[in-house]
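Novice: Going line by line, the protein sequences match chains A and B.
Heads up, the first sequence is in our numbering, so the first residue is 1 and it goes up one at a time.
Heads up, the second sequence is in our numbering, so the first residue is 1001 and it goes up one at a time.
Certain hints may be false.
[What the hints assert, rightly or not] BS3-like, lysine-lysine: derived pairs with alpha carbons at most 25 Å apart:
{"#": "1", "chain 1": "B", "residue 1": "Lys1069", "chain 2": "B", "residue 2": "Lys1098"}
{"#": "2", "chain 1": "A", "residue 1": "Lys7", "chain 2": "A", "residue 2": "Lys65"}
{"#": "3", "chain 1": "B", "residue 1": "Lys1098", "chain 2": "A", "residue 2": "Lys7"}
{"#": "4", "chain 1": "B", "residue 1": "Lys1070", "chain 2": "B", "residue 2": "Lys1098"}
{"#": "5", "chain 1": "B", "residue 1": "Lys1098", "chain 2": "A", "residue 2": "Lys65"}
{"#": "6", "chain 1": "B", "residue 1": "Lys1056", "chain 2": "B", "residue 2": "Lys1069"}
Keep in mind the hints are simulated off the structure, nothing from the lab.
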Amino acid sequence: SAVISQKPSRDICQRGTSLTIQCQVDSQVTMMFWYRQQPGQSLTLIATANQGSEATYESGFVIDKFPISRPNLTFSTLTVSNMSPEDSSIYLCSVHRGPTEAFFGQGTRLTVV
Amino acid sequence: SQQGEEDPQALSIQEGENATMNCSYKTSINNLQWYRQNSGRGLVHLILIRSNEREKHSGRLRVTLDTSKKSSSLLITASRAADTASYFCATGFQGAQKLVFGQGTRLTINP
Chain A
1 SAVISQKPSR DICQRGTSLT IQCQVDSQVT MMFWYRQQPG QSLTLIATAN
51 QGSEATYESG FVIDKFPISR PNLTFSTLTV SNMSPEDSSI YLCSVHRGPT
101 EAFFGQGTRL TVV
Chain B
1001 SQQGEEDPQA LSIQEGENAT MNCSYKTSIN NLQWYRQNSG RGLVHLILIR
1051 SNEREKHSGR LRVTLDTSKK SSSLLITASR AADTASYFCA TGFQGAQKLV
1101 FGQGTRLTIN P
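Pulled out of the complex, with its shape left as it was, chain A reads as follows (with noise of 0.2 Å):
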């Protein structure tokens, strides 16, 4: 198993602002996987986060709205800028083991007035 810590765990900002989730993993990854869940809805995938390189973004995501950090194998930040009340969702971090397992941090419920 993988013990992920994801903060902070919810948030209330203010559009036009900016928030940075962090995810730290208990021990070292390769990838790290950014998932969007807005209300009542299943899991999209944002990006997956190599350390040493650019993240790679999903179709519908892009850098300059979700700027990803990963400055080592345990670590990995996500920023949801420039926000506006469509960003209000649940962000989560994740981490595999094994071919496919996946682990999950508890997510960060963030809410944009």
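Got chain A sorted already, so can you dock chain B onto it with the hints?
Specialist: Chain B in isolation, oriented as in the chain A frame:
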């Protein structure tokens, strides 16, 4: 677009009854997994079934996979109030790390 479609979207049953959730997907997969999410928190991995397997058990969980129909089902037997959660299927692909999640089923167990 999302790979998996799940039904029902919501299910409410009495404690002690069995709960069955279904997942369909569109393309060939390497494996299919089921996850539980409590109250919008992080997901917890429940069980993984590989594409060459047809059925798998783990405690009160039973998962089936029909690759010809591109579908899977999750059965929870003897349900408990603590089983109240959202359940998601996720498909994994050969040579790829990322997972694609279904829409989820919200399960409510009534005492």
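Novice: Taking 25 Å as the top limit, are the C-alpha atoms of Lys1070 of chain B and Lys1098 of chain B close enough?
Specialist: holds, 19 Å
Novice: Within a Cα-Cα threshold of 25 Å, do Lys7 of chain A and Lys65 of chain A meet the stated pairing?
Specialist: holds, 19 Å
Novice: Given the hinted pair Lys1098 of chain B and Lys65 of chain A, is their Cα-Cα distance within 25 Å?
Specialist: holds, 21 Å
Novice: Next pair to validate is Lys1056 of chain B with Lys1069 of chain B; report whether the Cα-Cα distance is within 25 Å.
Specialist: Within the cut-off at roughly 17 Å; holds.
Novice: Compare the distance between the alpha carbons of Lys1098 of chain B and Lys7 of chain A with 25 Å, and conclude whether the hinted pair is satisfied.
Specialist: The hint holds at about 23 Å.
Novice: Please work out if Lys1069 of chain B and Lys1098 of chain B have their alpha carbons no farther apart than 25 Å.
Specialist: holds, 23 Å
In this structure, every one of the numbered hints holds.
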